[in-house]
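Participant: Taken in order, these protein sequences are the chains called A and B.
Each residue of the first sequence is one higher than the one before, starting from 655 at the first, in our numbering.
Each residue of the second sequence is one higher than the one before, starting from -3 at the first, in our numbering.
Hints are computed from structural coordinates only; laboratory data are not their basis.
One should not assume that every hint holds.
In silico DMTMM-like pairs for lysine to aspartate or glutamate, Cα to Cα no more than 25 Å straight-line [what the hints assert, rightly or not]: (1) K22(B) <-> D883(A); (2) K166(B) <-> D901(A); (3) K226(B) <-> E1107(A); (4) K15(B) <-> E176(B).
Computed list of chain B residues with no C-beta within reach of chain A, every gap over 12 Å [said to hold, decoys possible]: (5) T160; (6) N174; (7) Q202; (8) F231; (9) S235.
Listing some non-contacts, in silico: residues in chain A with all C-beta distances to chain B over 12 Å [as the list claims (entries may be wrong)]: (10) Q721; (11) Q900; (12) M994.
None of the values given here were measured: they were computed from a predicted structure.
In this text, a Cβ means the ideal position worked out from N, Cα and C, and glycines have one as well.
The lines below spell out each chain.
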Amino acid sequence: MSYRALYRVWRPQRFDEIIGQNVITQTLKNALITNQISHAYLFAGPRGTGKTSAAKILAKAINCPNQKDGEPCNKCAICKAITNGTLNDVIEIDAASNNGVDEIRNVRDKAKYAPTEAKYKVYIIDEVHMLSTGAFNALLKTLEEPPANVVFILATTEPQKIPATIISRTQRFDFKRIRPKDILKQMEHILKSDQIDYDDRALKLIAKSAEGGMRDALSILDESMSYGDDKVTYQSALQVTGSVTQDLLYDYFVEVVDHDTKSALMNVQKILADGKDANRFIEDLINYCQDLLLYKQSPQMIEDHELSVFDDRFKSLVKKVDDRIIYKIIEEVSNIQQQMRFTSHPDVYLEVLTVKLANIKITPKSSDDGNQGLIDQLSGQVKELQSEVKALKKQSIASQSKLTKVNPEHNKPRPVHKERHEQPVKINLEKIYPVLNHATKKDLNRIQNAWQELLPMLKVTQRAIMNVSKPVAASSDGVVVSFEYSFLYRRADSSKELIQALEDGLNRIIGYSPTIVFVPSQKWPTIRKNYITSNYLKQHSDNQNHHNQSSQSSSGDHSSDSNSKSDHSSSDSNDKNDPKNDHENSQPNPIVKKAIDLFGNGIIDVKND
Amino acid sequence: MQNTNPIKEAEFKQPNILKHFMNVIKRNDLTHSYIFNGESGSGKLSVALSITMRLFCTNVQNNFPCGKCNECIRISRLEHPDIVFIKPDGRSIKVDQVRFLKSEFSKSAVEGNQKIFIIDQAEKMSTNAANSLLKFIEEPTGNIISFLLTSHKNRILPTIISRTQVVNFKSLPQHVFNQELKSSGVSSTDFNLIGTMTNSAKVAKQWFQDDWFNQLKKSIIRWFQLIARKNSESFIAVSSDILPLVKTPSQKRMAVNMMIQIWRDVLQTKYVPSGSENLKFPQMSGILEKVANHISEQQLIKIIEIILESNRLLSINVQFENILESITLQIMDKLNY
């Protein structure tokens, strides 16, 4: 006798042995005990859930003379004959190969004859969904009112293919997928009784990847056993199921969440080169996401139900990752899963998926927790802006009042800009310097990458302006953008709409909106140089010097201002509209008021030609 | 196939799986049905034949079949009466073949006491055919072992899969395949590209016999260069360069595949610049780099998705010319012409 597959050896022979279908087996047993056997049953459910087994047991239980509590004895001649498939009165028909009208007519004709040995004639029609329409219809009448002592049991995996008229004539039992927990128990039972060593993790993995089918589970178990030399090891289970280890999944997930496209891509390529199944990887990934989400809600429940083993790294990941990132990932992954079903390029899909996952995720991460967070953030911004506006108002007034005095408490270093007078282009240095103070190469790279993506988001006219721009310095909350031509610079600088669009776009791409400052490209080297020297000076001069330096530099900054008209005879017309160091205590000055009336609150260039 | 020795081929391509099965047979643990899942050319058939030989061989040495005895020779030529070998006759496995298969399933062996069924490209069975095999595969009568060979496990009925043991065949390690290619005289710059399209050196050899492969490659490269330079002549290149070369369905698939691979190279260059040995078009690295630097991630992903989509269009018989032209137009659009 050659080797027999586990699922054949361990085919249940009693209702008790059918795993995970208690409702159904109990109902059937009760029917048998009270002798209320229907003439037609329909067993539907996914593969490997015990339909055929239940049908056979039912056939035995109906006919067994020693039937006790609805269970067959499995010892009498009739039971044994049915188990071996040799009893003439229990007819198992494979509907897939006998799907024509002729075969069914044959069944119908023979059903008329009384059973020979057993009490009942039982027809088990397996894979009944494959019957042709004609065959189904030929069966209808017989199924409705069969001769006495005939029982039909129909079994199928696809009940939706069965005509409603058939279903309405039968008692329908829907077999559920078997829970991983139950599969695990059964496998442990089998292995223990066969005295085979096993690894707990391996069984859990198999139970999970069987997807609720006991036969699947036992097939995989069988194969793992033969790979592992009659032992069930985690390695052989991984190999047979084609799964990747939790560690690999963790690594991949972290790389994706950290936007480490390169490592994630290399990881995927490695996984594929190891001969892992791309589809299985996708499924594993979805499961992993599911575990993460469930674990957040209720760690206890998921450990009981899903049979996953969680280590500390997993737990720390749970804390770290935002729900919405996981949702996004699941969405993307299941999209790809759909497309991958019929492709011969699973590797390309996986790579595309990886790049997508590693990059798209940033947006949800930036906007904190839920809407409430967003609202808080926005209202905070509004408040900030309000106070800034107030400060600005005071500032412009205050500065007016101090025209003749040198600002005593200037604490920001500013380079001297002698040539400012000739330059009609004005540059907002106060905005540039904070950016430069915190500028890093990393931020600049990120912005530069985002720039290419940003441009297509703009309107055509805006894009035309921005086409000659490039970011030259960036910090974590600001960016300096240089322009090839100064007229474009002026145009850009005066367009609030453009700045708004840029900030929105950047927010979408990199997850936050930095302050955007423009400079003309021919001025940029000077600005940078000045900044460096002033920074250098700042570090090397004592406080006193520093004050002089800064106030002096500030004088050069904005020679032509809102008030320069009223006071441009003064050689050091150093009015400085710096919102950061406003003078709260200063009084409104009538001259300033007049100037504001004339020119509004903004800074205005006044040229002397 | 007739002339090569399946044992040698199996040993060369899948040494681990072969050894595993030899041990399984020794322990008498062989079950009744297997699915061998792996790309074409990964040695599925030769492993199946080797297992069969091991079972029938009269002169087993070191747990391996001898390959010389009468039985072994007849098996390797697929002439043994107890070996039933079915492969798709055209596009699918026909009803007649399945009928033959079923009748064979219910007959006992002619010479010995065991029968072997080998079904090549089992995914090409119709739903009817597959369903009618269910019962035989689950509980065969007598000593029957069946091997279902497939390259697309997903397309096989799940109820069949659950009745079998699935053995995943790794695609050939690149170096093994390269060795094979080298011996058939393929230039080393093409190894990676061919590796993505076939696992069978024999097929690759055919491509190179009439220079067809090189011509197609050149035309695709030209197409790519034109597109990369944002030159709208790329649209014309489709009908002037590519289309005349592509006739059969498998050639169409290859053309699409090359397009995918070249853009995948861009992806590779953009994100893993160090992995240049994996490039499918190494001779193009300069242009690839330039494109990779100028293209945004979203554009690139969109483009690859556009081309991947064409596979689906191909399978529902959309005209190939239309597919290529629409790909080109869409890519041009994505690149902001």
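Participant: Given the hinted pair K22(B) and D883(A), is their Cα-Cα distance within 25 Å?
Facilitator: 11 Å, holds
Participant: Beyond 12 Å from every chain A Cβ: check whether that's true for F231(B).
Facilitator: 21 Å, holds
Participant: Is the straight-line distance between the alpha-carbon of K226(B) and that of E1107(A) 25 Å or less?
Facilitator: 17 Å, holds
Participant: Measure nothing beyond the straight line between the CA atoms of K15(B) and E176(B); if it is 25 Å or shorter, mark the hint as holding.
Facilitator: 21 Å, holds
Participant: Taking the shortest Cβ-to-Cβ distance between Q900(A) and chain B, state whether it exceeds 12 Å.
Facilitator: Holds, since 20 Å exceeds 12 Å.
Participant: Compute the least Cβ-Cβ separation between N174(B) and chain A, then decide whether it is above 12 Å.
Facilitator: Per Cβ check, N174(B) is outside 12 Å of chain A; nearest 14 Å; holds.
Participant: Are all beta-carbon distances from Q202(B) to chain A longer than 12 Å?
Facilitator: Given a closest Cβ separation of 19 Å, the condition holds.
Participant: Is K166(B) close enough to D901(A), meaning Cα to Cα at most 25 Å?
Facilitator: At roughly 22 Å apart (the allowed maximum being 25 Å), D901(A) and K166(B) satisfy the hint.
Participant: For T160(B), is the shortest beta carbon distance to chain A beyond 12 Å?
Facilitator: 7 Å, violated
Participant: Was S235(B) rightly flagged as not at the interface, with every chain A Cβ beyond 12 Å?
Facilitator: Consistent with the label, S235(B) stays out of reach of chain A, its closest Cβ about 25 Å off (over 12 Å).
Participant: Looking at M994(A) again, its CB stays over 12 Å from all of chain B?
Facilitator: 8 Å, violated
Participant: Find the nearest Cβ of chain B to the Cβ of Q721(A) and say whether that gap is larger than 12 Å.
Facilitator: Check passes; 25 Å lies beyond 12 Å.
Checked against the numbered hints above, the structure violates hints 5, 12; every other hint is satisfied.
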